[in-house]
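Trainee: Chains A, B and C supply the protein sequences, listed in that same order. So for the first sequence, our numbering puts the first residue at 1; every next one is plus one. So for the second sequence, our numbering puts the first residue at 1; every next one is plus one. So for the third sequence, our numbering puts the first residue at 1; every next one is plus one.
Note that these hints are calculated values from the structure, not bench results. Cβ coordinates follow ideal geometry from the N, Cα and C atoms, glycine included. Hints should not be assumed to be uniformly reliable.
Some chain B residues close to chain A (C-beta under 7 Å, calculated; not the full set) [as the list claims (entries may be wrong)]: (1) P323; (2) L364; (3) T417; (4) A426; (5) E447; (6) G451.
Computed cross-link-like contacts, SDA-like style, restricted to lysine to any residue with a CA-CA straight-line distance of at most 20 Å [to be verified]: (7) C:K14 <-> B:E70; (8) C:K14 <-> B:R63; (9) B:K145 <-> B:E175.
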Amino acid sequence: MRRVSLFVPCLVDLLLPEIGEAAFALLRRLGVEVVYHEAQTCCGQPAINAGYLPQARKVARHFLKVFGEDEAIVCPAGSCVVTVKHHYPELFADEPDWRTRAESLAPRVYELSQYLVDVLGVEDVGATFGGKIAYHEACHVLRGLGVSEQPKKLVRAVTGAELVPLNAADVCCGFGGEFSLQYPDISEVLVAEKTENFINSQADALVLCEPGCFLNISGYVHRHHPEKKVFHLATLLAGNGKGGGA
Amino acid sequence: MKIRTEQFVEIAREEMKNTRSKAFLGLLPPVINAMRQISLATFPDPDAAQAYGAAIRGEVVTRLPELLEEFERNATARGTKVVWARTAAEANAFVLDLAKKKGVAYVTKGKSMLSEEIGLNDALIDNGVDAIETDLGEFIIQLLKRPPFHLIGPAVNIAVEEIRDLFMEKGILAEPTEDPVALGYAARLYLRDKFHRLEMGVTGVNMAVAETGTIVNVENEGNIRFAKSSPRTQVSIMSLEKVVPTMADALHMIRLLCRNGTGQKMASYISFDTGPRAAGEIDGPEEVYCVIVDNGRADLYDDPVARDVFRCIRCGACANICPVYTKIGGYPYGWAYTGPMGQLLTPLLLGFSGTSDLFRACTLCGVCKSVCPAGVDHPRMLLYYRARDAAGDPRLRSRGRPLKERTLYDLFAWGATHPRLWRQGAKRMRPRVNRGARDGYLSRSVEPLDGWFRSRDLPEMAEKTFHERWKEREGHKAKA
Amino acid sequence: MPYAAREDILGKLKKADRREEAPARPPLPPLTEVGWGTEQLIEKFTENLALQTGVVHRVADRAGALEKLTEIAQAEGWKAVMIATDEVLAPLDLAAWGRTNGIDVLKAADFTARDAFKDAVFDQVDAGITGVDWAVAETGTVALVHDERQPRLVSLAPILNVVVVPVDRILPVYEQALERILAARGGMPAHLNLITGPSMTADIQATPFKGMHGPRRVIALLIG
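Take the sequences, apply the hints, and build the full model.
Mentor: Here it is as structure tokens:
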């Protein structure tokens, strides 16, 4: 039996636990043994983005200690995967031991859809959804990891779901972590446009693989278009239809 | 040009309300992006062509001093007078002295961002030599005293009515008209006389070819060609990273520059100048000067991350696709360089204090990097700037970050490395954060999230975190 | 400018930490244009120049070229033109053609002073006529090497530029033109131009406008 270690990003743990539960349930349903390290906290991405590298290194070392021995780590957040895969090795440029540990971990970290499609070779996970779905290409998932086809394959295989095109699907939603708080005016215009494109797509639900974008877009949609749904891919695929949708 | 980088947020806010700016940003960048795609598709393998460009520029960055020496040697051998300037002041003083020595009343300017960076126009005009911008867009914004809105369309957002009034006031237009073509033609006639009587032409440089000592200029209007044909004295000013190794490299970079910049396969005019005019030529300059300007770049060259900014070829593809630029336009960047390339270059040239919005107002979406023909990794560089700023690096003229912010990240790091306390902290915060939540959502403004809540809700902190749910389930299992 | 500036700048650059190697050049597939045959080169040159609003006429021989030129001259009402005296134009004997058609045909050699030449090319002629060194099908581009026979302003200052292109001078890509120029001239000429269509801008309201500073129209006569 395959065994993965589930990395639940801090945003998911604190604000969107349903996404974590969905990922967990989904992996289990596919016959994967899921390990959860209770000592996990955060990958340190906020500190890297804000430029606090010594602080980020502390957090990264903790992460490497917690997850260092796992053969596969799966995470329902593209940007956290980018952090561990791409930023950690650079973060430890001057610390060869930690750099080695970071480099050895990097290939073992997967974004959820990537793991399902590329490693497990699964597309139809047995989920159902009645309606049209648009897919938002989150920046870190698309350009950071090159993951785009995998989530779309998974959506297409959902019984009853129709994947419809989304205009400007690959344009940033304006989240950018601290960016959305420091430059709310610009962020707002971007998320408004993303939402407009979603509405114009005639889709019933917008699906994405990034909790940050999820907070941003679903927060806007909840305020302005409460009838519309935003799902993290994990929630859609776990098929419980509840939590995680705005 | 007045530096206004510190007003980034205010100007951005104004511009996002400006219907004219919005209209052009909604129209122009998407058209250029589409044309860029179409023109790039004429390469047998567009990605390979872009990657090859990145390798050329990467080589330039690594071999910069040697390439500059090779360029100087070959250019000098062909009669170009190569001049080095450490600072903006040295560069400006040289051009001014030369103009005075030649006794010219005015010079024409070809579009040059370096010229805006060093403030050459003011340096000439303040000392009695008129400097006339001759690229139509630059001509208009010079008269209006406004910064560039767009790298290749610096005045593209200006209303025809405003141009009409401006041209009437300056005596450029005889009869009022709002027809863009008629306005352009009026500018042609006005500037034509300046080209006709021209004694000294000043232009920028797109590429300086080390192998042959050749200066390459890319343009559509012909104003640069006039500056290289009509006067007896021609001055090219270049920032030192404009060098390329070979003519073959230059041709490849020209293909990339045109496609990525304007979406053209080829610009109307590419000039290759190797020294002054040949024997027997009736026109063309008797003297050609090439001023290689440092203006702080050599000091940055020792920084292996920062020096990657020297890859940039000023095509502007990054701006046309940037989600932030395409919402706020060029003005908020507050200086000569707009869009992502400005976000990288301006802080290095002006120092981090006073420019920090430029490297922070970015979502790190990475689309700039994905279109860059020169291999610039913008997100990586911006993260580096933020890190150097947080460290208060004096070499980059950073004043550091507020103590409050540092304390917050210290606390974050401490919490994230103490899992039990991390969870206790979250538990303790929950009732405070969730105060006022309705149906699982927070909508009311809470410091410091005011901006977020103006247009967005936020899920409340979960009744039970994932961790807590897991613990319960595991605890339950253990009992069973 | 103090010599110290050069030493300072280069000194700093050379002192910098440069451990990394220049990146290796990745493979670059040859341009498709390289494989084009003669007729395709003519067709693509025509097509690409037309995309830039260039007008292309193909004629069989020199006599045909002169005939076409007369047609253009009459349609445009030419009184005077400035010509280059390059090796493409020389055999056309445009001076004789001008006498026959009552058109002043001026050339650089008619002027001893630069300023008088400039006055003429800016203000006294209806068109500039040039040959080419080479033409490039890739983008409908003409390559002009400027020298005593090819003044810079002839293809630039007049509102109309007529360029005479023998079809055997059309090459697939810029590199091939450059290679031949370097071989013929023993190195880079003082001033080389790659010209693709007329002068243009879109700087006011993104409205395209031809003839911003240079020619508003470019007409190519293909011979052969």
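Trainee: Decide, hint by hint, whether the structure agrees.
Mentor: Comparing the hints with the structure gives:
1. Proximity of B:P323 to chain A holds as hinted, the smallest CB-CB distance being about 4 Å (cut-off 7 Å).
2. Taking 7 Å as the C-beta contact cut-off toward chain A, the hint placing B:L364 at the interface holds, the least distance being around 6 Å.
3. With a cut of 7 Å, the hint placing B:T417 at the interface with chain A holds, because the nearest CB-to-CB distance is about 4 Å.
4. The interface hint given for B:A426 holds, since its Cβ lies 6 Å from the closest Cβ of chain A, which is under the 7 Å cut-off.
5. A least Cβ separation of about 11 Å between B:E447 and chain A goes past the 7 Å threshold, and the interface hint is therefore violated.
6. Proximity of B:G451 to chain A holds as hinted, the smallest CB-CB distance being about 2 Å (cut-off 7 Å).
7. For the proposed pair C:K14 and B:E70, the alpha carbon gap of about 14 Å is at most 20 Å, so the pair holds.
8. As the CA atoms of C:K14 and B:R63 are separated by approximately 9 Å, the hinted pair is consistent with the 20 Å bound.
9. Among the hinted pairs, B:K145 with B:E175 is inconsistent with the structure: their alpha-carbon atoms are about 23 Å apart, more than 20 Å.
Checked against the numbered hints listed earlier, the structure breaks hints 5 and 9; every other hint is satisfied.
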